[in-house]
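One-letter residues, chain by chain:
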Amino acid sequence: SAVISQKPSRDICQRGTSLTIQCQVDSQVTMMFWYRQQPGQSLTLIATANQGSEATYESGFVIDKFPISRPNLTFSTLTVSNMSPEDSSIYLCSVEAPGGYEQYFGPGTRLTVT
Amino acid sequence: QKEVEQNSGPLSVPEGAIASLNCTYSDRVSQSFFWYRQYSGKSPELIMSIYSNGDKEDGRFTAQLNKASQYVSLLIRDSQPSDSATYLCAVTNDYKLSFGAGTTVTVRA
Chain R
1 SAVISQKPSR DICQRGTSLT IQCQVDSQVT MMFWYRQQPG QSLTLIATAN
51 QGSEATYESG FVIDKFPISR PNLTFSTLTV SNMSPEDSSI YLCSVEAPGG
101 YEQYFGPGTR LTVT
Chain X
1 QKEVEQNSGP LSVPEGAIAS LNCTYSDRVS QSFFWYRQYS GKSPELIMSI
51 YSNGDKEDGR FTAQLNKASQ YVSLLIRDSQ PSDSATYLCA VTNDYKLSFG
101 AGTTVTVRA
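Going down the list, the sequences are from chains R and X. Sequential numbering from 1 applies to the first sequence in the numbering used here. Sequential numbering from 1 applies to the second sequence in the numbering used here.
Hints in this document: simulated from the structure, not taken from any laboratory. Glycine included, C-beta positions come from ideal geometry on N, C-alpha and C. Check the hints yourself; a few may be wrong.
[As the list claims (entries may be wrong)] Straight-line Cα separation of at most 30 Å, DSSO-like style, residue types lysine-lysine; simulated pairs:
1. 7(R) - 42(X)
2. 96(X) - 42(X)
3. 96(X) - 65(R)
[To be verified] Per the computed footprint, the stretches of chain X lying under chain R, defined by three or more beta-carbons under 8 Å from a beta-carbon of chain R, are:
4. 37 to 50
5. 96 to 109
[To be verified] Here are a few chain X residues that face chain R, going by a calculated C-beta distance under 8 Å:
6. 29
7. 92
8. 93
Extracted from the complex, chain R is given alone in its bound form (with noise of 0.2 Å):
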């Protein structure tokens, strides 16, 4: 499986302000996707990116709260915007197996808005 990083690893920050995680893999990948899981919680998904074109929002999230940049095969961005404290989870990144259904996840960025 790809090996995957994120950072900041975690984070304390206020709200009102903005925070932007990476996500880097080790091999280049097709589809990268966005999770946030909120504390005591399982996963959901925010959006699916794609390199060369727009991320694909689900339900409940949009691009101004969540604006995501995928330059390139092996690197993708989340940031979260003008942060609250129900913002305050770890948000995790994936990326899809080499012609599979499997996804890996990312170590994860705790994230803890005051």
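Add chain X to chain R, keeping to what the hints say.
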């Protein structure tokens, strides 16, 4: 109705016993089914994938799929304390993963 439902936990089993985890899904066109293990404070780790009806075994883990009943399960044989974690059932429709709420398993030494 939730897309993916898992049996409520937590599930406590003695060391060496079998842990049985269940999952049902609502979308009949779902094609791929996965079990992830998530240790506290860590990200989900893929432990099993299953695509066709029947059983699939990998070491101490066995996944079972019944598409007619829209049911997928995971058996953990000879449970070890290191198996204590939350197990997430995930289902794909096209490429999107939908997760269940998870079942927390505790293996008692």
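- Test coverage of the segment 37 to 50 of chain X by chain R using CB-CB distances below 8 Å; three residues minimum. Coverage by chain R holds for the segment 37 to 50 of chain X (6 residues, Cβ < 8 Å).
- Item | residue 7(R) paired with residue 42(X) [C-alpha distance capped at 30 Å] | holds (15 Å)
- Straight-line alpha-carbon gap residue 96(X) to residue 65(R), limit 30 Å: Distance ~21 Å between residue 96(X) and residue 65(R) Cα, so the pair holds.
- Item | Restraint outcome when residue 92(X) is required to lie within 8 Å of chain R by C-beta distance | Holds, about 5 Å.
- Using Cβ atoms only, decide whether residue 29(X) comes closer than 8 Å to chain R, and label the hint accordingly. Violated. Min distance 14 Å.
- For the hint on residue 93(X), just tell me whether its beta-carbon gets within less than 8 Å of chain R. Constraint on residue 93(X) not satisfied, violated at 10 Å.
- Message: Check whether the Cα positions of residue 96(X) and residue 42(X) lie no farther apart than 30 Å.
- Response: holds (21 Å)
- Task: Check whether three or more residues of the segment 96 to 109 of chain X sit with their beta carbon closer than 8 Å to a beta carbon of chain R.
- Result: Contact hint for the segment 96 to 109 of chain X vs chain R: holds, 7 residues under 8 Å.
The structure shown violates the earlier hints numbered 6 and 8.
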